[in-house]
Amino acid sequence: MDTDTTATEPRWLTAQEQAVWRAYLDVTRLFNDKLNRRLVDDADLSLAEYEIMVQLSETDGHRLRMSELADRAVNSRSRLTHTVARMEDRGLVRREACPDDGRGVLCVLTDDGFTTIQRAAPDHVAAVRETVFDVLTATEVECLGEAMQKIRAGLRGTA
Numbered sequence: 001m002d003t004d005t006t007a008t009e010p011r012w013l014t015a016q017e018q019a020v021w022r023a024y025l026d027v028t029r030l031f032n033d034k035l036n037r038r039l040v041d042d043a044d045l046s047l048a049e050y051e052i053m054v055q056l057s058e059t060d061g062h063r064l065r066m067s068e069l070a071d072r073a074v075n076s077r078s079r080l081t082h083t084v085a086r087m088e089d090r091g092l093v094r095r096e097a098c099p100d101d102g103r104g105v106l107c108v109l110t111d112d113g114f115t116t117i118q119r120a121a122p123d124h125v126a127a128v129r130e131t132v133f134d135v136l137t138a139t140e141v142e143c144l145g146e147a148m149q150k151i152r153a154g155l156r157g158t159a
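For the sequence shown, position 45 (counting from the first letter as 1) is numbered 45 according to this note's numbering, and the numbering increases by one without interruption.
Honestly, I wouldn't trust all of these hints.
[As the list claims (entries may be wrong)] Quick list of the computed label-pair ranges, beta carbon to beta carbon: (1) D134 - Q18: 19 to 29 Å; (2) F133 - R77: 43 to 53 Å; (3) P99 - A19: 32 to 42 Å; (4) L136 - D41: 38 to 48 Å; (5) R156 - L25: 34 to 44 Å; (6) T8 - L136: 36 to 46 Å; (7) V105 - T137: 16 to 26 Å; (8) F114 - T81: 41 to 51 Å; (9) R22 - D60: 35 to 45 Å.
Just so you know, the hints here were simulated from the structure itself, not pulled from any lab data.
All values reported here derive from a predicted model rather than from experimental measurement.
Every residue, glycine too, gets a C-beta built ideally from N, C-alpha and C.
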């Protein structure tokens with residue numbers, strides 16, 4: 001009988017890995033809170049709403065299927081549906097039936113929505129720049145980008 005428990009023992013984080021992990025969690029929370037607060041104060045948009053509008057603004061016709069928008073905006077379909085409903089009430093987006101698929105629903109950025117994101121984007125970009133890129137060297141930005149690409153690929157199963 002094998003009494004070796006190392007096969008079931010978790011691979012605990014090293015002190016360095018634990019410090020990196022905790023810093024990542026802290027930075028993510030602080031960064032998202034800062035961006036959300038600034039967007040709400042400056043443009044009356046949440047970070048989730050802004051991200052949805054960015055995804056729509058970067059597509060032909062400013063429209064996407066709700067399912068694709070959920071994947072791109074990294075939201076659950078349920079959460080996206082609620083957020084889009086609030087945005088629709090404010091005239092920022094509208095939902096339309098998919099012309100080539102009667103079951104599909106498109107989310108379309110309205111003219112008011114496009115104007116809103118154009119007004120919000122400069123301050124949002126400034127907040128991202130001052131918080132992330134202004135405090136890192138070019139080499140650190142490159143390393144951070146490579147690390148994020150690897151982590152994202154692993155999470156999406158494309159590594």
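Structure-based check of each hint:
Range check, D134 to Q18: Cβ separation about 28 Å, and the 19 to 29 Å hint holds. For F133 and R77, the Cβ-Cβ distance of about 32 Å falls outside the hinted range of 43 to 53 Å, so the restraint is violated. A beta carbon spacing of about 52 Å between P99 and A19 contradicts the range 32 to 42 Å that was offered as a hint. In this structure the hint that L136 and D41 lie 38 to 48 Å apart at CB is violated, the actual value being about 25 Å.
About 20 Å separates the C-beta atoms of R156 and L25, a value inconsistent with the hinted range of 34 to 44 Å. At about 40 Å, the CB distance of T8 to L136 agrees with the hint of 36 to 46 Å. Against the hinted window of 16 to 26 Å, the Cβ-Cβ separation of V105 and T137 comes to about 45 Å, which falls outside the hint. In this structure the supplied range 41 to 51 Å is violated for F114 paired with T81, their Cβ-Cβ distance being about 21 Å.
Distance hint check for R22 and D60: the Cβ-Cβ separation is about 42 Å, which falls inside the suggested range of 35 to 45 Å.
The structure does not agree with the numbered hints 2, 3, 4, 5, 7, 8 stated previously, though it agrees with the rest.
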